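Which chain is which? The protein sequence lines are A and B, in order. Going by numbering that gives the first Met the number 0, the first sequence opens with residue 0, and the numbers climb by one from there. Going by numbering that gives the first Met the number 0, the second sequence opens with residue 0, and the numbers climb by one from there.
Since the hints were made in silico from the structure, they are not lab data. Values in this document were obtained by computation on a predicted structure and should not be read as measured data. It is possible that some hints are incorrect.
[Stated by the list, open to error] List time: in silico DSSO-like cross-link candidates among lysine-lysine, alpha-carbon distance up to 30 angstroms:
#, chain 1, residue 1, chain 2, residue 2
1, B, K200, A, K113
2, A, K211, B, K290
3, A, K113, B, K57
4, A, K301, A, K83
5, A, K14, B, K110
6, B, K200, A, K112
7, B, K181, A, K17
8, A, K301, B, K110
9, B, K290, A, K112
10, A, K113, B, K286
11, A, K14, B, K109
12, A, K14, B, K181
13, A, K17, B, K200
14, A, K112, B, K286
15, A, K300, B, K290
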Amino acid sequence: MKKKKKGKSRWQTIKNYKYLYLLMVPGFLWLLVFHIAPIFGIVIAFQDYNPMVGILKSEWVGLSNFKMLLSSSSFLRILGNTLKISAAKIFIGFPVPLILALLIYSCRNRYIKKIVQTFSYLPNFLSWVVVVGISFTLFNPYYGVFQNVFTALGIPYTDITTNTRTFISFIVGSSIWKGMGMQSIIYLAALSNMDMEMFEAATVDGANRRQKLWHITLPTIAPVCAVVLILAVGGLLTGDFEQIYLFAGENAQLRMVSDVFETFVYRNGIRAAQFSFPAAVGLFQSVFACILVLITNWLSKKFGYEGIW
Amino acid sequence: MSKIRNRKKKKLRPGDMLASGMNYFWLILVGLITVIPFLYVISMSFTSETALGTIGVKLIPAEWSLEAYQYLFQNARDLVRAYGVTIFVTAAGTFLGTMLAIFFAYPLSKKQLPGRNGIMLYILFSMMFSGGLIPFYLVVRGIGLGNTIWALILPSCWSSWNMILIRNFFQSIPDSLEESAKLDGANDIQILFCIIIPLSKAIIATIALYFAVGFWNSWYNALLFIDDRKLQPLMLFLKNIMETKNVGASLIGSSSANQIPASEALRMATVVVCTLPILCVYPFVQKYFVKGVMVGSVKG
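Throw the hints in and build the complete structure from the sequences for me.
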């Protein structure tokens with residue numbers, strides 16, 4: 000009897016919220032079509048998918064696509080390139096917005112602060128098409144600005160945009176230029192919530208600037224850093240398509256260092272209209288990225304910071 | 000705040016002077032690094048082609064000229080069409096995306112909503128795991144969006160991240176406001192439109208800006224789903240212009256096989272014309288922007 004009553008009241012609450020559930024319907028529909036349906040579409044990674052006959056009638060081939068992936072010579076190269084580029088982005092790109100936020104926070108001149116903030120957010124509003132186009136122009140070996148600077152200094156200048164040895168630094172540099180201002184906002188938000196009285200107390204106790212930075216400021220923003228790092232690790236295998244595709248283009252020489260999962264899937268899947276093998280590559284990438292997030296989140300919690308859930 | 004001011008008035012020690020000097024130095028360096036490429040682009044677009052060839056690129060044009068812009072506007076049919084596509088996509092996409100996010104975030108901001116935790120868990124899962132490019136491509140083509148303008152809008156008008164930012168903001172609004180409206184007989188939808196949305200202008204402006212920038216700058220979906228040149232958005236148009244002329248100095252002056260003559264000034268003028276609108280919107284929303292991100296990013 001009691002149980003039945005409870006069930007009824009639960010149904011009653013759900014009914015009370017009927018308008019709220021109704022509001023969520025469009026979002027659910029979106030997720031169903033553009034997120035859940037593609038997840039079921041993964042089955043083609045286990046098939047020899049033929050677009051003419053559809054998913055239901057295509058031949059099942061088990062794990063042979065994955066076997067092909069692991070035995071192919073390009074797999075290690077792509078995995079290596081992806082990890083190398085992402086690791087460089089995290090190790091070099093992660094501290095920059097943090098330092099910028101600290102610089103902006105501790106700046107005493109209101110005008111410089113405001114101007115630098117406004118300027119540094121601007122590149123984020125540019126498309127990669129524009130950023131890459133401008134870079135090619137400014138770094139052009141014949142008439143680019145940097146060529147002039149280098150010649151003035153007497154250093155020989157080679158085209159670093161198409162050089163395999165400078166490719167990664169170029170990728171990392173351009174993404175720092177584009178993103179540092181915007182990424183610094185989240186740290187600035189954390190810094191502005193900082194307790195000023197702790198600073199006063201530390202000053203009274205005779206702490207110097209470095210000690211205050213090390214023992215007050217950094218511990219305050221450490222949880223934010225942890226969340227940003229977890230998300231960065233989650234994006235380790237994705238998110239570079241636009242930049243890399245535009246920078247490397249169809250340059251076959253650069254492909255040795257520039258080919259990552261996403262460009263590989265695009266070239267071999269969409270362009271070549273071969274769906275099953277690239278879908279297997281994509282699935283491998285998704286699962287691998289998911290595992291990385293789980294590990295980082297676990298590590299973060301282990302070290303006493305909050306995870307993302 | 001007054002404490003900070005007091006401290007500022009105190010005489011600075013030499014160590015502090017050095018530190019704030021270094022601080023200014025690095026900040027100004029960052030400012031210059033970000034702004035100088037913009038200045039070069041603008042300068043190049045106003046320099047005459049011959050001066051670019053002989054004198055090179057200067058921060059202030061060596062020889063002022065409007066010929067790049069003149070050429071661009073005389074041969075603007077493709078540009079105008081691409082502009083039209085992008086404006087429609089940006090307006091429709093921003094509206095749809097923001098609405099979708101608000102409608103989803105408001106129920107999720109209610110702590111007592113049955114099933115809330117399960118839905119949040121699913122949203123987190125959707126942020127981490129996806130089917131990948133190929134199934135996504137097949138689904139979008141499969142439901143008949145291929146080669147339509149909706150392929151540029153619908154697949155990108157959801158962002159779980161933005162939705163969570165809005166939800167966090169909604170959660171920070173005191174419940175008492177809603178309760179009093181409820182006592183007056185308002186239902187949930189009336190509360191959302193008459194109380195919650197007007198109070199959340201900052202975060203809504205922020206999210207709308209994110210969407211607008213994303214839609215304005217997107218070209219990847221067009222690369223995947225658009226075969227018809229008439230439906231090309233601005234950034235794909237720009238990409239084609241950039242690439243047909245990325246051939247180096249040897250091509251400058253001599254016209255390539257493309258209908259548009261190879262020219263650095265023209266390329267930069269196109270960059271300016273394609274980027275200016277979205278950069279112009281930014282100062283108007285900036286004051287909402289930082290505030291919105293700051294409140295939204297507090298974990299809830």
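The hints, checked one at a time:
1. Using a Cα cut-off of 30 angstroms, the hinted pair B:K200 and A:K113 holds, with the two alpha carbons roughly 23 angstroms apart.
2. At roughly 27 angstroms between alpha-carbon atoms, A:K211 and B:K290 fall within 30 angstroms of each other, so this suggested pair holds.
3. At most 30 angstroms may separate the alpha-carbon atoms for a hinted pair to count; A:K113 and B:K57 meet this at roughly 27 angstroms.
4. For the proposed pair A:K301 and A:K83, the alpha carbon gap of about 26 angstroms is at most 30 angstroms, so the pair holds.
5. For a cut-off of 30 angstroms, the pair hint linking A:K14 to B:K110 stands: about 16 angstroms separates their Cα positions.
6. Restraint check for B:K200 and A:K112: the C-alpha separation of about 25 angstroms stays at or below 30 angstroms, so the hint holds.
7. Only pairs whose Cα atoms come within 30 angstroms are accepted, and B:K181 paired with A:K17 is accepted, the gap being roughly 15 angstroms.
8. About 28 angstroms separates the Cα atoms of A:K301 and B:K110, which keeps this hinted pair within 30 angstroms; it holds.
9. Of the pairs offered as hints, the one joining B:K290 and A:K112 holds, with about 16 angstroms between alpha carbons and a cut-off of 30 angstroms not exceeded.
10. At most 30 angstroms may separate the alpha-carbon atoms for a hinted pair to count; A:K113 and B:K286 meet this at roughly 12 angstroms.
11. For the hint linking A:K14 to B:K109, the alpha-carbon distance of about 15 angstroms falls within 30 angstroms, and the restraint holds.
12. Only pairs whose Cα atoms come within 30 angstroms are accepted, and A:K14 paired with B:K181 is accepted, the gap being roughly 16 angstroms.
13. Under the criterion of a C-alpha separation no larger than 30 angstroms, the hint pairing A:K17 with B:K200 is consistent with the structure, at around 26 angstroms.
14. A threshold of 30 angstroms between alpha carbons decides the hint, and for A:K112 with B:K286 the separation of about 15 angstroms falls inside it, so the pair holds.
15. Of the pairs offered as hints, the one joining A:K300 and B:K290 holds, with about 29 angstroms between alpha carbons and a cut-off of 30 angstroms not exceeded.
The earlier numbered hints are all upheld by this structure, with none contradicted.
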